[in-house]
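Chemist: The lines below spell out each chain.
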Amino acid sequence: MNNLAAIWLTVQLATVTTCILLFFGTALAWWLSRTKSRAKPIIEAVTALPLVLPPTVLGFYLLVIMSPDNAIGSFWVHLTGSTLTFSFAGLVVASVIYSLPFMVQPLQNAFETVGSEPLEAAASLRATPLNAFFTVAMPLSARGFLTAIVLTFAHTVGEFGVVLMVGGNIPGETRVISIAIYEHVETLQYAAAHSLSLALLGFSFVVLLAVYTLNRRFPIRIR
Amino acid sequence: MLAIDICASLGEFELEVTTKIPLDGITGILGPSGSGKTTLLRVLAGFEPAEGRIIVDDEVWLDTKSKTDIAPHRRSLGYMFQDTRLFDHLSVAGNLEYATSRTLSEIKQIVVDDVVDAFDLSPLLKRRPAELSGGEKQRVALARTLLTNPRFLVLDEPLSALDEQRRSDILPYIDTMASQFQVPALYVSHAVGEVAHIARRILALSNGRVQANGPTNEILERLDLLDVTGRFEAGSVVEATVIDHVERHRLTRLTIDGQTLTMPMEPGVAPGDQIRLRVRARDVALALIRPESISIRNILDATIVDLFQGPESPYVEALVEFEKQRLRARITLASVEDLSLAVGMHVFVLIKSVTFESSLA
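Protein chains in written order, with the working numbering: chain A, 1 to 223; chain B, 224 to 584.
Please keep in mind that the hints were generated in silico from the structure rather than gathered at the bench.
For every residue, glycine included, the Cβ atom is placed at its ideal position computed from N, Cα and C.
Fair warning: there could be bad hints in the mix.
[Unchecked claim] Over the 10 Å line for every Cβ pair with chain B, so calculated as not near, a few chain A residues:
1. Leu-28
2. Arg-34
3. Pro-55
4. Phe-60
5. Leu-79
6. Ser-87
7. Ala-89
8. Ala-122
9. Leu-140
10. Gly-161
11. Glu-173
12. Val-207
[What the hints assert, rightly or not] If you anchor each label on the Cβ, the simulated ranges turn out as follows:
13. Asp-69/A - Ser-289/B: 54 to 62 Å
14. Thr-113/A - Arg-350/B: 18 to 26 Å
15. Pro-245/B - Ile-42/A: 46 to 54 Å
16. Trp-31/A - Ser-345/B: 36 to 44 Å
17. Glu-44/A - Arg-351/B: 31 to 39 Å
[What the hints assert, rightly or not] Partial selection, computed: residues in chain B whose CB lies under 7 Å from chain A:
18. Pro-295
19. Tyr-302
20. Arg-308
21. His-312
22. Ala-322
Whole structure, please, built from the sequences with the hints as guidance.
Modeler: Right, here's the structure in full:
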């Protein structure tokens with residue numbers, strides 16, 4: 001029962017995170033693939049930070065920023081009446097930041113592969129830039145979207161450090177699969193830890209297999 | 224009328240074009256590679272930033288002074304790209320539909336059925352661009368561009384990716400585009416032959432500047448434009464009237480400024496038809512007295528109106544005039560000296576071969 005609650009919470013977290021990132025990550029990836037701004041390398045570096053930072057570092061800063069002592073954290077308390085730390089909402093915010101590069105990089109790659117040529121063709125056929133994005137750039141980047149969505153989802157499912165720092169271990173609220181496994185091991189419930197771990201291992205393998213099989217076109221820049 | 228007065232820079236390269244182009248029929252844009260032909264088209268389409276003014280009829284597309292810069296998708300210009308740029312994720316029908324669904328119904332004069340017929344697309348409609356041959360792609364791209372019912376078309380070396388055979392397959396479709404659909408076009412090419420075949424007038428570019436702008440015949444016979452119009456394939460386009468066919472010799476007899484000329488029989492033309500001929504400069508020789516006992520059949524009277532020698536060239540380009548029409552001849556400097564050729568001299572023009580170019584409507 002305990003395990004099922006953790007699985008359900010994890011699926012919810014990964015789905016919400018992926019949906020939010022699908023919106024913001026697409027916009028950011030599109031901007032990065034088109035811009036000639038000098039700020040581009042800075043933004044790219046910031047986007048990629050979660051790839052190299054220890055999750056505890058990221059989690060620590062997020063904990064500080066989200067705490068009610070801080071502007072953002074207290075604003076959230078003012079708005080909703082509950083704290084951002086140690087809550088599902090806080091987990092979503094942390095996951096969005098933590099999984100950002102997994103959405104942005106494959107999409108940026110895909111958009112750069114599409115290039116400006118098809119969009120010029122669309123413009124010459126009277127399509128507005130936004131319309132050209134939806135009718136030309138997106139369909140031509142379909143495989144990039146698939147990769148980005150699957151990787152973001154899978155990566156959010158697998159996160160541990162950030163969640164532990166920001167969310168703690170509250171059943172039904174912040175106890176996701178990885179935390180549950182940690183808890184099982186701490187309390188020497190190896191059988192329960194085994195079943196969850198095996199499920200996660202199988203899930204991750206199937207996801208990566210699917211990505212690598214379906215997607216040979218856009219190199220996946222993950223570490 | 225398309226009025227252009229623009230200046231654009233891409234890295235080291237500078238394009239400065241000030242000219243007016245009447246928007247009827249096909250205007251060829253000729254020039255060596257790197258002369259700015261494609262850049263000019265891209266500036267017109269709004270794909271490259273530029274300073275200055277572009278005015279189409281009475282519509283201002285670009286005016287730096289009044290900060291007007293109409294977005295590419297709002298410029299009524301059909302762009303046919305060298306690489307066709309068909310959308311791979313759509314079928315041929317889907318590609319055509321992409322153009323029609325974005326074109327206001329008020330201006331929809333050309334509809335899908337028209338172009339499908341004119342460009343023989345019905346067997347291709349369900350296919351994907353990846354399954355088409357080079358020539359088929361060009362036909363679909365041409366049709367797709369026409370379906371936006373643009374004020375005018377720009378074609379960026381549409382035939383350059385095709386082999387010789389395919390080119391001659393596609394050229395009639397481009398003729399169709401101009402004649403049947405009455406859409407004016409700017410046709411960029413570095414192949415003089417192509418342009419001479421289909422263009423009414425030529426804009427010659429060199430190093431980002433306009434070298435000349437005028438009727439095809441005039442530009443092709445201008446000797447100072449050899450860099451642009453090409454040396455080896457240099458020639459002239461002349462207009463002639465068909466007299467009759469000589470079945471026994473497989474020849475067609477023509478008259479040009481009152482003198483008779485023969486060419487290999489062209490069954491597609493009838494007596495009385497006005498046609499255009501192309502004569503390569505290297506197929507024309509000059510003589511001071513009428514040669515006898517010679518295999519060349521076409522010997523005409525003419526006057527030398529210009530002689531032009533390129534730097535360090537063994538050749539001289541001579542321009543000769545019949546009554547009105549002019550022809551280029553490519554002869555050696557040695558011959559000019561031996562025969563003491565000079566402007567104003569009467570000569571006999573020996574034409575080794577004549578190519579049928581097109582019928583004049």
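Chemist: When the structure is checked against the list of hints, which entries are broken? Sort them ascending.
Modeler: 8 and 9
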